[in-house]
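Novice: Chains as they are written, first to last, in this note's numbering: chain P, 1 to 324; chain E, 1 to 280; chain R, 1 to 349.
Worth double-checking, as some hints may not be accurate.
[To be verified] The list that follows gives simulated cross-link-like pairs (lysine-lysine, DSS-like), each with its CA atoms no further than 27 Å apart:
id	chain 1	residue 1	chain 2	residue 2
1	P	K118	R	K209
2	R	K226	R	K236
3	P	K111	R	K209
4	E	K29	R	K78
5	R	K337	R	K35
6	R	K236	P	K225
7	R	K35	P	K188
What the hints contain is simulated information worked out from the structure, not anything from laboratory work.
As the structure is a computational prediction, the values presented were derived from the model and not from experiment.
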Amino acid sequence: MQELKKRLCELLSDGTVARVLGWRRGETSFDPEPAFFGSAEELSDFVYDGFCGANLSKMMIEAARLEGKTAVCLKPCDTYSYNQLIKEHRVDREKTYIIGVGCRGKLDIDKIRALGIKGILSISGTECDGDGDTLLIKTVYGDKSCKYADAMLSRCHVCRGKEHKIYDEIIGESRDTTDGDRFSEVEKLEAMAPRERFEFFRRELSRCIRCNACRNVCPACSCRKCVFDSNNFDSAQKANVDPFEEKMFHIIRAFHVAGRCTDCGECSRVCPENIPLHLFNRKFIKDINTFYGEYTAGEDAEAKCPLTDFDFGDAEPGDVTSGR
Amino acid sequence: MCGFGNGNDALIPRVGVITDIRTETPDVKTFRVVSPEGGKLFEHMPGQCAMVCVPGVGEGMFSITSSPTQREYQEFSIKRCGVLTDMLHSLSPGDEITVRGPYGNHFPVEDALKGKNLLFVAGGIGLAPLRSVINYVLDNRADYGSVDIVYGARSADDLVRLDEIREVWAKAPGVGVHLTIDREQEGWDGHVGFVPAFLGELGFDADRTALVCGPPVMIKFVLSTLGEMGFGKEQVYTTLELRMKCGIGKCGRCNIGSKYVCRDGPVFRFDEIDELPDEY
Amino acid sequence: MMGGIYGISKDRLEKLFSALAAERELYLPVMSGGKVNFSVWEEGEDVRLDVTKTAKSPKDAFFPQFETLYTCRTEEGKLKIDPEELCRREFVVFGMRACDAAGLRVLDRVFLSEPVDTFYAARRELGTIVSIACGEPEESCFCRAFGIDAASPDADVAAWFSGERLLLKPQTEKGTRLISSLSEYLTEADGAEAAIEEEQAKIRAITEKLPYSLLSLEGWGSGETKRKFDSPLWEKLYRPCLACGTCTFVCPTCQCYDIKDYKTKNGVQRYRCWDSCMYSDFTLMAGGNNRTTQLQRFRQRFMHKLVYFPENNEGTFSCVGCGRCVDSCPSSLNIVKVIKAFSKDGGDE
Numbered sequence: 001m002q003e004l005k006k007r008l009c010e011l012l013s014d015g016t017v018a019r020v021l022g023w024r025r026g027e028t029s030f031d032p033e034p035a036f037f038g039s040a041e042e043l044s045d046f047v048y049d050g051f052c053g054a055n056l057s058k059m060m061i062e063a064a065r066l067e068g069k070t071a072v073c074l075k076p077c078d079t080y081s082y083n084q085l086i087k088e089h090r091v092d093r094e095k096t097y098i099i100g101v102g103c104r105g106k107l108d109i110d111k112i113r114a115l116g117i118k119g120i121l122s123i124s125g126t127e128c129d130g131d132g133d134t135l136l137i138k139t140v141y142g143d144k145s146c147k148y149a150d151a152m153l154s155r156c157h158v159c160r161g162k163e164h165k166i167y168d169e170i171i172g173e174s175r176d177t178t179d180g181d182r183f184s185e186v187e188k189l190e191a192m193a194p195r196e197r198f199e200f201f202r203r204e205l206s207r208c209i210r211c212n213a214c215r216n217v218c219p220a221c222s223c224r225k226c227v228f229d230s231n232n233f234d235s236a237q238k239a240n241v242d243p244f245e246e247k248m249f250h251i252i253r254a255f256h257v258a259g260r261c262t263d264c265g266e267c268s269r270v271c272p273e274n275i276p277l278h279l280f281n282r283k284f285i286k287d288i289n290t291f292y293g294e295y296t297a298g299e300d301a302e303a304k305c306p307l308t309d310f311d312f313g314d315a316e317p318g319d320v321t322s323g324r
Numbered sequence: 001m002c003g004f005g006n007g008n009d010a011l012i013p014r015v016g017v018i019t020d021i022r023t024e025t026p027d028v029k030t031f032r033v034v035s036p037e038g039g040k041l042f043e044h045m046p047g048q049c050a051m052v053c054v055p056g057v058g059e060g061m062f063s064i065t066s067s068p069t070q071r072e073y074q075e076f077s078i079k080r081c082g083v084l085t086d087m088l089h090s091l092s093p094g095d096e097i098t099v100r101g102p103y104g105n106h107f108p109v110e111d112a113l114k115g116k117n118l119l120f121v122a123g124g125i126g127l128a129p130l131r132s133v134i135n136y137v138l139d140n141r142a143d144y145g146s147v148d149i150v151y152g153a154r155s156a157d158d159l160v161r162l163d164e165i166r167e168v169w170a171k172a173p174g175v176g177v178h179l180t181i182d183r184e185q186e187g188w189d190g191h192v193g194f195v196p197a198f199l200g201e202l203g204f205d206a207d208r209t210a211l212v213c214g215p216p217v218m219i220k221f222v223l224s225t226l227g228e229m230g231f232g233k234e235q236v237y238t239t240l241e242l243r244m245k246c247g248i249g250k251c252g253r254c255n256i257g258s259k260y261v262c263r264d265g266p267v268f269r270f271d272e273i274d275e276l277p278d279e280y
Numbered sequence: 001m002m003g004g005i006y007g008i009s010k011d012r013l014e015k016l017f018s019a020l021a022a023e024r025e026l027y028l029p030v031m032s033g034g035k036v037n038f039s040v041w042e043e044g045e046d047v048r049l050d051v052t053k054t055a056k057s058p059k060d061a062f063f064p065q066f067e068t069l070y071t072c073r074t075e076e077g078k079l080k081i082d083p084e085e086l087c088r089r090e091f092v093v094f095g096m097r098a099c100d101a102a103g104l105r106v107l108d109r110v111f112l113s114e115p116v117d118t119f120y121a122a123r124r125e126l127g128t129i130v131s132i133a134c135g136e137p138e139e140s141c142f143c144r145a146f147g148i149d150a151a152s153p154d155a156d157v158a159a160w161f162s163g164e165r166l167l168l169k170p171q172t173e174k175g176t177r178l179i180s181s182l183s184e185y186l187t188e189a190d191g192a193e194a195a196i197e198e199e200q201a202k203i204r205a206i207t208e209k210l211p212y213s214l215l216s217l218e219g220w221g222s223g224e225t226k227r228k229f230d231s232p233l234w235e236k237l238y239r240p241c242l243a244c245g246t247c248t249f250v251c252p253t254c255q256c257y258d259i260k261d262y263k264t265k266n267g268v269q270r271y272r273c274w275d276s277c278m279y280s281d282f283t284l285m286a287g288g289n290n291r292t293t294q295l296q297r298f299r300q301r302f303m304h305k306l307v308y309f310p311e312n313n314e315g316t317f318s319c320v321g322c323g324r325c326v327d328s329c330p331s332s333l334n335i336v337k338v339i340k341a342f343s344k345d346g347g348d349e
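Whenever a hint applies, use it, and build me the whole structure from the sequences.
Specialist: Right, here's the structure in full:
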């Protein structure tokens, strides 16, 4: 992290950038927050460790409206989102200096709590440049430990690889964290009978509190005004008035980001009710791959998405329903 | 077990029947409302508001334009400016709406204003809440001192209820009516100019209590003109308008500082407003 | 019978729940999909009284996220308003915590003050609360900063785990009635005072060690509007806020609501639902919006809890230190960070 911080200071002081978008140290060792830094002095609070899971690419929409260039720290998976935002003309590449930051998987405090560890005071072993695979956890109930991998966000177990798809420079080493198949959860759902699958989603979505965290964090949800915030849209908006409304928000959102979702996993990370929202999007990704050939949103900033591009060889609607 | 009868909740409205609709200006209509059995829906005080709703379309807080001294009905002067008001403007006499209220405080007609010389300053639809007080004052004329009404609008067509102003108010004893419009207009031989400047030209002594209603920008300049004339902030009343839903200070929407506009307002004295954070 | 202490062994709790649920609705903290929330208990559910904090506060037992107020329909050309019936069923919320119970007292100040919210009042009257002392407080807990004692919860029945037993002590008439109705399952626990005191001492000792327990609220409360409102600190604090409603919806004291219409086959259903001051449309009206930036909306939430509410309520803060917002904010923002940022330099910078 020291190397990264030093470089960011340089970029600020030599005038390359007007500000840095990264993470600020929180009150504990596990609650850093996304933050803009305007000076080398402010950077004294900069942190980059295992708990810096937030995808900062969406905040670059706001940065594009600010004076001067912004240096942003993007993890490999975040660069897909940034590319996609370029494609959608939401960010300004010219006003961005991308530091590709190394990643050895990001941590999820809920995973640690789920191991029965309570009253956490501090956690060590979260450094990005560390090579230990154990977290040491000080709690009010004594010292505990757990494997780094066991505390990782689910998305990191099915990571597509630690290659930055867009950057100006790369700082820090990455480590492969993939130990599962990205589509295995989707395949499980596909194997279910329709009724069973419906029941699965009904149960999961019944916990939704309509806080909009999934939408607001999503880099693909970049509409200035969401249809669900419109007073002219005859929906209950803030309440799951009936089982239909309960599902409608998530289903419409999934359709709206289809072909544009880079599977960054932020929706599931932020859900206060632990709803596996990424499953909707991942099913779409799998289907696009099946019907139109392999396509990865955000792999680059140019390629057209099969859903917004026409080709005489395209799958016909009938092919989809018959599962060609 | 629960000692609460149902239906007495402040959030449950009553049905109101529109008995008359008057077109006041190109975009303002006045709706006369009574209960289905006839008679007033409720008793109110000048300055109070009510929630008027077209079921399925929307509900909004409107000031009650009629004076409490009007025994038969309530009136709301409503300007067309959104989905709900569009719908209200398309209604006809005999149509039903729902109404709940009255909500909020009122102009202190029974105490602080009693015996005082009154100066009313209104712009456009801002006359609506003041009309209630003006008529109340005229119906209890002996309780108050001199009355001056300074009222302006974009054009002569936008002056709400010019007939009443000229025929009733201007002819009442001890009442001065001073009208102005923003721009020259054929057939208008009265004053032309904005309300704050007109007020300055008229130049009132500061032995009055001012009641000011209108667009925020007008209020701002009127306040500074009044200041120049020597009016203290505690001599000036106005009404605030914010998004409101419940009307009883619970839903949180119209909260500024420790005040809820729907419950603690809409009437505020300027020295009270000064204490609020600048967020209205 | 009031004042006595009653015990039940942990392995008999399931039977107790069955008995409770037979007579009335029973809310319990239940694990589903990896999160624990209060929900109406059914046989076989994974009840988790060991989990200190549910994801959502139990406030929706009294102030549901969504509830119908009335239905408006047309009958022979005439409008008819059918008010929704008030709650008639008795219910028990079992397993609340001291902070949750304190949160209800905050909601009481809002909904039970004139004019009384009859929907809330009916539920408050019919609901009996069993609160459990927090044997294992979490790091994000800071109820102590608000003068709340996690070791002796405010409730109709207060409860403590002691070894393999749950000890129950009725504290109100309603609580006494509840305990009497369960005499078949409970035994009088002689000498349990000492066991409770021991548990309380243990809890208070842990609470002292929690990182936010000593959070100082100095400089907050009545009369602080001018000084705090214009502070440049808000600009820095609000930045990562996503403008979602997570903090408001998990909060036991947030009470803002929206009133909306839903068109059904049988007329227009008027309902109210939780709303969030963090949402951009919260103050939007046809004539404009008095809070157009997220900075203003973010500031409103904290100013309301820490300054405006105390101003209207004899100094009581609209926060009980449950720490749910600390645990769930997607950007790791929270009221603790706000309070601490101001305590460093008073907000004048």
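Novice: So which of the earlier hints does this model not fit?
Specialist: none
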